[in-house]
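Trainee: Residues per chain, in single letters:
There are 2 protein chains.
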Amino acid sequence: MSLPNSGNPSPMETMAKERVNIPFDIRKMGVILHGSEESLALKERFMLEMSRDPVMQLRDVHDLSKDELRERTMEKIAEMRHYVKTEDSKTFARRCQTVGLSDAGFQTRFGVSTGLFLGAIRNGSTKEQWDYWVNKGVLQMPERIIGCFGMTELEHGSNVAGLLTTATLDKKTDEFIIHTPNLGATKWWIGGAAQSATHCSVFAQLMVDGKRYGTKTFIVPIRDPKTFKTLPGILIGDIGRKMGRDGVDNGYLQFSYVRVPRDYMMMKYTQVSKSGEVTDTAAPQMAYGALISGRVGMVTDSAVIAKKGLTIAIRYGIVRRQFSAGSDDIETQILDYPIHQRRLMPLMAQAIAIGFASMTLQKKYEDVMESRSHLGPSQLDPANHAAEIKELHVMAAGLKAFSTWACLDMLEKSRQTCGGHGYSAYSTFPQLISDFAVQCTWEGDNTVLMLQSGRALVSYLEDVKKGKNVPDGVAYLKTASSSSGSKSDGSLSLKDIERGFEKVTSGAVEDAYAEYSSFLKKGQNKEKALESCSNLRFVAARLHSITWLFKNFVTALNKTPAGPERKVLEQVCRLYGLWQVELEAAQFLSSGYFGKEHLAKIQTEINDLCLAMRKCAIPLTDAFFNTDFILNSPLGRYDGDVYNAYFDTVRRANPAGPHPYFDRVIKPLLEAPPVNLKGKL
Amino acid sequence: MSLPNSGNPSPMETMAKERVNIPFDIRKMGVILHGSEESLALKERFMLEMSRDPVMQLRDVHDLSKDELRERTMEKIAEMRHYVKTEDSKTFARRCQTVGLSDAGFQTRFGVSTGLFLGAIRNGSTKEQWDYWVNKGVLQMPERIIGCFGMTELEHGSNVAGLLTTATLDKKTDEFIIHTPNLGATKWWIGGAAQSATHCSVFAQLMVDGKRYGTKTFIVPIRDPKTFKTLPGILIGDIGRKMGRDGVDNGYLQFSYVRVPRDYMMMKYTQVSKSGEVTDTAAPQMAYGALISGRVGMVTDSAVIAKKGLTIAIRYGIVRRQFSAGSDDIETQILDYPIHQRRLMPLMAQAIAIGFASMTLQKKYEDVMESRSHLGPSQLDPANHAAEIKELHVMAAGLKAFSTWACLDMLEKSRQTCGGHGYSAYSTFPQLISDFAVQCTWEGDNTVLMLQSGRALVSYLEDVKKGKNVPDGVAYLKTASSSSGSKSDGSLSLKDIERGFEKVTSGAVEDAYAEYSSFLKKGQNKEKALESCSNLRFVAARLHSITWLFKNFVTALNKTPAGPERKVLEQVCRLYGLWQVELEAAQFLSSGYFGKEHLAKIQTEINDLCLAMRKCAIPLTDAFFNTDFILNSPLGRYDGDVYNAYFDTVRRANPAGPHPYFDRVIKPLLEAPPVNLKGKL
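Line by line, the protein sequences are chains A and B. For what it's worth, full-length UniProt numbering labels the leading residue of the first sequence as 1, then goes sequentially. For what it's worth, full-length UniProt numbering labels the leading residue of the second sequence as 1, then goes sequentially.
The hints are simulated quantities; they were obtained by calculation from the structure and are not laboratory data. Be aware that a few hints might be false.
Which copy is meant is left open, because identical chains are indistinguishable; a pair holds if it fits in one copy or across any two.
[What the hints assert, rightly or not] Below 25 Å or equal to it, Euclidean Cα-Cα: the simulated PhoX-like pairs (lysine-lysine) are:
| hint | residue 1 | residue 2 |
| --- | --- | --- |
| 1 | 468 | 172 |
| 2 | 487 | 596 |
| 3 | 678 | 127 |
| 4 | 390 | 274 |
All of these numbers come straight from a predicted model, not from anything done at the bench.
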């Protein structure tokens, strides 16, 4: 009796074959992809420590309720107290990021305290205020103080200037009165508010002598640290279940005439004296730093989470077999189907591209912040730093939007390539997707950020036209727009692709600028005209992000020592570029850079590159260095033993027990008397 | 003290304004979008009944655990017993679909019994077998018998021919022995298996006298209906948590030499005699019907679920205000931003297009099935029906894939337009998305289905080239390919768009065919050559789906009586067409149908149409006729009172209570002694 597919080798044999004759050194590749040997070694160390720490276990995580997840997350945060005190801040940040690879809720909940709340004090306080809060214990968080970040309100997210919470100076008592004037002003989505925080950094309208001075930050104690009871005048509620990140205890806060000392306003940039004098030391855009930091982190998240999802999908695609070619008794590995390669290989290239982008952006951010950190508030001259900050801001905004959208898309596509099993909670994809989805919204809605980036591009082009200098990252607006007759040399080389992207992007910026100008001429004011050209601005910003990502990939390649790793990465880079050309083909055709005949060739080249990548797909996922522990998905098993692991996981997570509702609901149905229904049909 | 945005009118005032001077009759529009007055009236009746039925309540649904959801879902199924006996099958199907609008888990779990399991018997049984199972009570489900559908296995999803479960004839006892030979053959994902079913329709390899006869269906009793204990030789396990649809008790089954009477094999198409003689009455593709039915239903699901999500997003977009234009104290409604219109209005057009497509497809399906239902198995001549079935199959496969992808995309985009609040479970988007996501995978992975559609297109083109007849739906392959010089007349009229789509699609089919032929010439066999051209096949299938959807929309318009409703729908149709042209712009540029100058005009026209649609966006969502009960999202409130409803919902769902882990986890942190960490920074 012969059954179908009886010739299939076992999944483990199938996987083992993929690691024979690897064309490059996996560790060397890992070092390149992680930026340095040190960075890779740290990640490995953290993953090892986590896998041995009972609090960090992941096995049961897909079946925890919201309440259980929250408690587990707080336990993890408590577990960090040791490292807060013993590790330098860079190492510690890296540790938190690695924990975040398997628990996005942890990353958010702890990040709200140590990034946003602490950052609000660090960036906003005077020297005396800083010392005061350090003495209170903010550097020791989660010990002694736990902070939350009270920015968004029920009716106001992106529009910080429109927030309605008020902080009114009471000169008699030398206090601010924090107040929520109506339902819409309720602080909403505040991570850590529902169950963790003792203090909140509240964004509120500064009101002095009946005059409004705009949104400032106030530190407000919200709970008695001994009893955890809310303090007088403070209502805290629980926001409840979310799409993902249920380990975060998001809450809402309403303040009813809550008093805090005048000194609890962060006074680095704006000072309010006892007598009600309001003075500004530096321009408010100097406070951009904290927001940019979050966005830089999200580009990194996009890269590492996409690589995690792709590792699972690609390993599963190697092991999974479906349909046999002709009369053969061996079924085909699904990653051997050209269409499956098409589904996954360009995404792998994109994840790697975003990984290089995140390293460059992080470095740039650190350089800019470093150059500012030596300066006191009075030395922060806006004129000196505005251009630098603007460039960084624009870069981070566009890349945050592009990368988080790309990552969410990659996760969902990766999930779909795992077929039905990708829908199982135990595949870990549902968690990855639902946890990640919020990144497209928070710290700047992606569409809004893209438009900001597009707005900057339009203004840079205006500068170019006026003969002014523009940052290196957009210098191509000068050259590419002046060589409007240029065409591809037909080589489809990296240089050829790069020139093409510069050309189409500068063309798209020109189009947006032209539409903007035409609306100005029709009498619209600047803001209105910018809105009217928003679709083209959006397109320009998207193209600019791709151009930047691609050029950055090429730059990273040029810094990589010659060798087999670089050779493979050149193919990855080329695949990324050509695939993006195909997606944006209309732009290339319109501009005349590529013609129809080029596109046909590009289509074939992409197919060929996908096949080439498929041949080293497993070594490449190995070079992402995600252990089975951190992947937490039987489908992504390193050794390929997918089905046994999956079956065991499902079985352990769902032990047999008595039927919970047979007697009450099902039995009466089965015992119902027969009814003749033949006539019904 | 003036606060920002103090001039904002209330959300309810804002919403009320949108319903003044509506340019069409909402009920008339509703009838058009629902196909008939009767269809709309039924939906209204069911929604009303549900809102008054305690078992159907939705208020608490976002906080139910998997176990609670499952019990609730079974209660809903039990609630259906009354209607099973009193309603005709079409009305009852409509009722289940309406329940499914708010509970996809119900739709699946009950559908598995009444659609798939019962369908397997209905389509596969002889007259005697049918009478036998009807006497057993299958028409009375969920009473007396509850069935599940045992097709997929752990290692085999799409590949039904590759299933490994065996059904071996034992002539001595006149029984089949059902057996699971190994782990990979475990029946997996079987909805209703874990907690509901008494019987399973098992797909297994028919084995007689050591010879394999392919995959057939066997009805296997799996539980004692009195005790609900599993029967001897049967292991049932629970698959546990999923991305969504946790109301469905998916399970796995392993059979160890389980015996069923020979008559429990469904013998309409293949018969096995007592002595082991195997005969075929009709070709197995005649069994396609059941699969097609599921796919037709998914096109309908895509339309109605997308309309539900868009109703929420559009209503929220009307009420939500953010940023004020200039010095104005009134903030702008976000749907008044051109980019927000761009995000939502084309999706609304797409949802309406898919709605019309679903009605046409359903009608076509019913017509074909109707024409076959009078025939006994021996009369089902493959030659007579193959072409008709093939056409329907290809149409359903492509539209299922296109529509479910489009719907998932529309839901995620709609969610994102609601900003942070779209991430709240109470917005209902997380549930909509996670429940819907599986539609891209089940009953045919979308990529596989698209390629099947592409394969058919290539073969239809081959027929055209050979001068053979092809179905009406692809007749354009004849005309469009012969007029390869044709260009747009520049009018951008519906006719112009239609001609353009026919041209680019036939061009894409030609490209796929050319690549296919070139691989044949290089010596590949037919299957291999089809794989090699899969990317172009995929593109052709996607374009064909769009072409079909657009042409069908135009046809539906032509059947709509003249009047203001039709006028608005013409704009919707034009927006849909032009937006799709923009998305597929590279195809149009390559083919020369549209030039660069057309695309610029199209970009502007889309902006204008988005603005026109925005003006009647609320009346259009009203014409989707989803009550607040069925929407179950405070963000989508009919009256616009979004924030009060949202706050109330969150508050009711998350009542205050004692802190669950303060003493154990947080208190020790807050009481930790101070440590001097200043040196660390």
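Trainee: All hints, please: hold or fail.
Mentor: Hints versus structure:
Taking the closest pair of Cα atoms, residue 468 and residue 172 never come within 25 Å of each other, the shortest separation being 52 Å inside a single copy and 95 Å across copies. Within a single copy, residue 487 and residue 596 get their C-alpha atoms as close as 13 Å, and across copies as close as 16 Å, so both meet the 25 Å cut-off. Taking CA atoms no more than 25 Å apart as the test, residue 678 paired with residue 127 passes between copies only; the shortest distance there is 13 Å, against 86 Å inside one copy. Proximity of residue 390 and residue 274 under a CA criterion of 25 Å is satisfied in neither setting, with 34 Å inside one chain copy and 83 Å between copies.
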